[in-house]
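**Student:** Protein chains in written order, with full-length UniProt numbering: chain A, 1 to 426; chain B, 1 to 232.
No lab work stands behind these hints: they were computed from the structure.
Given the structure is predicted, the values throughout are model-derived calculations rather than measurements.
Virtual Cβ for every residue (Gly too), placed ideally from N, Cα, C.
Heads up, a few of these hints could be off.
With a straight-line cut-off of 20 Å between C-alpha atoms, the simulated SDA-like cross-links for lysine to any residue are [unchecked claim]: (1) B/Lys140 with A/Thr9; (2) B/Lys142 with A/Thr9; (3) B/Lys119 with A/Thr9; (4) A/Lys47 with A/Phe370; (5) B/Lys142 with A/Ser12; (6) B/Lys26 with B/Thr180; (7) B/Lys119 with A/Leu376; (8) A/Lys47 with A/Leu376; (9) B/Lys119 with A/Lys47.
Which residues of chain B face chain A? A partial, calculated answer using Cβ under 8 Å [to be verified]: (10) Trp33; (11) His53; (12) Ala78; (13) Arg85; (14) Asn86; (15) Phe91; (16) Leu110; (17) Pro111; (18) Lys113; (19) Ile114.
A few chain B positions that, by computed beta-carbon distances, are all more than 12 Å from chain A [stated by the list, open to error]: (20) Lys26; (21) Gly70; (22) Gln95; (23) Ala179; (24) Ile183; (25) Asp205; (26) Glu226.
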Amino acid sequence: MRTLDLVGTAVSNTSRSKLRTALTVMAIVIGAFTLTVTAGIGSGVNKYIDTMMASFGDEDQLYILDETNMDQAGAPGSAGAPPEYDPETAGASSEFGFITLDAADIDVIQDIDGVESVNPMVSVNGEYLETPDGTAYALDQFDAPQNASGLEFAAGGAPQGNDEITVPTAWLEIFDTEDPHAVIGQEIEIGLSNAIGEPQSATAEIVGVTEEAISGLGGNPMPSIALNDALYQLQTSGMDIDDQYMAVTAVVTDLEGNEDAVKADLEDQGYLAMTVEDQIGAIQGIINMVTYILIGFALIALLAASFGIVNTLLMSVQERTREIGLMKALGMSGGRVFALFSLEAAIIGLLGSGIGIGLGVITGVAGNQFLTSGPLSDVAGLTLFEVEPAALGLIGLLIVAIAFVSGTLPASRAARKDPITALRHE
Amino acid sequence: MASPVLETHGLVKTYGHGESEFQALKGITTKIWNAESVAVVGKSGSGKSTLMHLLALLDAPTQGSIVLSGQMTSQLGAREFSQLRNETFGFVFQQFFLNPQQTVLENVTLPLKIAGVSKTERNQRGMETLEQLDMAEKAKNKATTLSGGQKQRACIARALINEPTVIFADEPTGNLDTATGEIVEDILFDLHTLRMITLIVVTHDEDLAAKCQRRLIMQDGQILREEHGVTA
Ligand SMILES: Nc1ncnc2c1ncn2[C@@H]1O[C@H](COP(=O)(O)OP(=O)(O)O)[C@@H](O)[C@H]1O
Ligand SMILES: [Mg+2]
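Extracted from the complex, chain A is given alone in its bound form (with noise of 0.2 Å):
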């Protein structure tokens, strides 16, 4: 038999019984269902996260902690005794528990081979913003000055002088104009206050004009590392306390080639150290294990359904008797046989997967529209379901295959079926 006529035999004798050929590919549709819907879903919220983070951060920087935030905020697995009290690392944390830095710390971390400068990460809260005429507007946060090289511009460049500062597009409006050029070099006054509420100033020359990545980076203004620290100086003036800070950033030369040494040496001193791709991997690794637990689930779902295939073919094998044996009678080999019932398997594995795929990419784009532009449009750029054709691809390949093994048990009952039994067979 030509294999074209295999296929269409096939065709034909899956449509036969519709009923039952349906039920079986609804369990298959299930399985593909969660499927593409859990891979789709694993691979927009990584691709999200993935922008996100790509936009924060300098590539050549590592974030570093003390080390004893790990330890205490536990990795699991890292549980045990607590450490050894010591009234130093005792004195330097922050009321909920969290080993701040210091400058001396600095001081250790700048020693470190291969780290160029190291910057304390700070956040400022400034209280307003005065352009020249005079107008004062409300200011919240700044844009962390670590993050300067994912910004991207619609005039002028990233802060680096003592007193420079972008600002992002959207605030061209309080400027009096549309032309981000326009404002590149003017003179603005930032007000906030200081730990026992005195109201303090600086002022700050505009050398860029920031647009807005989806990760949000660019939508405050942002001022130059040395700007922001005169700022924390500022707000933290008042009171005679110790500069702490959460983390800082070290700028690693050749960070590439030079980051396992650089970590460890790190390590050593007891300094947690990750690059940007560290801290994505992270996230990315749990969000991962979610999506493999989901696939997990899917794949018993499709275990499930390949016993309704084997079901349904043996069925079918028993029903058909008579006309297999007919057909070899009439001279059809084992083999042909064989393939035959192997291929209705497969086409029933393709319906499901087919119908699956479909309604899972369906229900995932909709659903992703739905709530990236109702419940959730304030979170920018979220994409909570990605279509990805290879993983399809995949997907479809994978039940067919299960499809295809679960029908080689009623196929070689079929091919061995002896034509003169089957023939007298009532």
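Position chain B with the ligands relative to chain A; hints supplied.
**Tutor:** Below, chain B with the ligands without anything else, positioned relative to chain A:
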């Protein structure tokens, strides 16, 4: 009738094992000549169908050998058996074995489909064969809509389609009324005489048997005697 198309030597067929062992054929040695018409007759259970299945290479003998056109069939593999059945033999069954979901044309062309003939050629040859049997207008009908006689004609068309050298017919008129049975008999004997096809008929029907050139009368798995000459 110069050379035998089929030859058997001491054919024994045993069913079952041990206690339930049953010898359906007890050593059959005979020859079927080319273009001959042979009837296998005898009481029910005498081994007629069993002998036909062995001759048609549908089953293997427990002992003995079958020679097909000078070739020992015991040396052939399963694939060659399939091919021989497809190309050399035609089968007509008492119960027709037509596929009810398919059209008459699809049923008739099944052997060609199995042989790997293209659809266009299949349908063309199918229509030609159906025309010869006055069944052309039924080609597109579902097999279930046919009367008994039409079903058997469709069955004969299916047996003829690959231009076989031997047609095996097991009780071809067993499920038909006398008048229809006679029409089917006429068709079979026309084919035999006009196309020189070897006809091997298993039958209870004395009229049908009488039309054959030779009759093998079977009893308890053995050939009791042979009769020669058309007696009807
Ligand atoms: N598959 C089988 N298993 C056991 N016995 C069988 C089988 N096929 C046929 N027989 C027995 O062999 C004998 C001959 O059967 P068969 O050739 O069909 O006879 P006939 O066609 O002359 O009626 C019968 O007694 C039958 O019961
Ligand atoms: Mg019989």
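**Student:** State for each hint whether it applies.
**Tutor:** Hint check:
Restraint check for B/Lys140 and A/Thr9: the C-alpha separation of about 17 Å stays at or below 20 Å, so the hint holds. Of the supplied pair hints, the one linking B/Lys142 and A/Thr9 holds, its CA atoms being roughly 16 Å apart against a limit of 20 Å. Of the pairs offered as hints, the one joining B/Lys119 and A/Thr9 holds, with about 13 Å between alpha carbons and a cut-off of 20 Å not exceeded. Between A/Lys47 and A/Phe370 the alpha-carbon distance is near 19 Å, which keeps this suggested pair within the 20 Å criterion.
Proposed proximity of B/Lys142 and A/Ser12 is supported: the alpha carbons are some 15 Å apart, at most 20 Å. For the proposed pair B/Lys26 and B/Thr180, the alpha carbon gap of about 35 Å is over 20 Å, so the pair is violated. A distance of roughly 58 Å separates the Cα atoms of B/Lys119 and A/Leu376; the hinted pair therefore is violated under the 20 Å criterion. Taking the CA atoms of A/Lys47 and A/Leu376, the gap is near 17 Å; set against the 20 Å cutoff, the hint holds.
For the given pair, B/Lys119 sits about 51 Å from A/Lys47 by alpha-carbon distance, which is inconsistent with the 20 Å threshold. The restraint placing B/Trp33 at the interface with chain A is violated, with a minimum CB-CB distance near 24 Å, outside the 8 Å limit. A least Cβ separation of about 5 Å between B/His53 and chain A falls short of the 8 Å threshold, and the interface hint therefore holds. Look at B/Ala78: its Cβ gets to within about 7 Å of chain A, closer than 8 Å, so that hint holds up.
Because the beta carbon of B/Arg85 sits about 4 Å from the nearest beta carbon in chain A, less than 8 Å, this interface hint is met. About 3 Å separates the beta-carbon of B/Asn86 from the nearest beta-carbon of chain A, less than 8 Å, and the hint is met. Residue-level restraint check for B/Phe91 holds (minimum Cβ-Cβ distance to chain A is 6 Å; threshold 8 Å). Interface hint at B/Leu110: satisfied, since its Cβ lies 6 Å from the closest Cβ of chain A, which is below the 8 Å cut-off.
For B/Pro111, the shortest C-beta to C-beta distance to chain A is roughly 5 Å, which falls under 8 Å, so the interface hint holds. Taken as an interface hint, B/Lys113 checks out: its beta carbon lies about 5 Å from the nearest beta carbon of chain A, inside 8 Å. A distance limit of 8 Å between C-beta atoms decides the matter here; for B/Ile114 the minimum to chain A is near 5 Å, and the interface restraint holds. Non-interface call for B/Lys26 relative to chain A: holds, since the shortest CB-CB distance, roughly 19 Å, exceeds 12 Å.
Listed as a non-interface residue, B/Gly70 keeps its Cβ farther than 12 Å from every Cβ of chain A; the least gap is roughly 21 Å. Some Cβ of chain A comes within 12 Å of the Cβ of B/Gln95; the nearest lies about 8 Å off, and the non-interface call is violated. At roughly 27 Å from the closest C-beta of chain A, the C-beta of B/Ala179 stays outside 12 Å, upholding its exclusion from the interface. Annotated as non-interface, B/Ile183 keeps its C-beta farther than 12 Å from every C-beta of chain A; the closest such distance is 24 Å.
Residue placement check: B/Asp205 keeps its beta carbon more than 12 Å from all beta carbons of chain A (closest about 21 Å). With a least CB separation of 26 Å from chain A, B/Glu226 remains clear of the 12 Å interface cut-off, as annotated.
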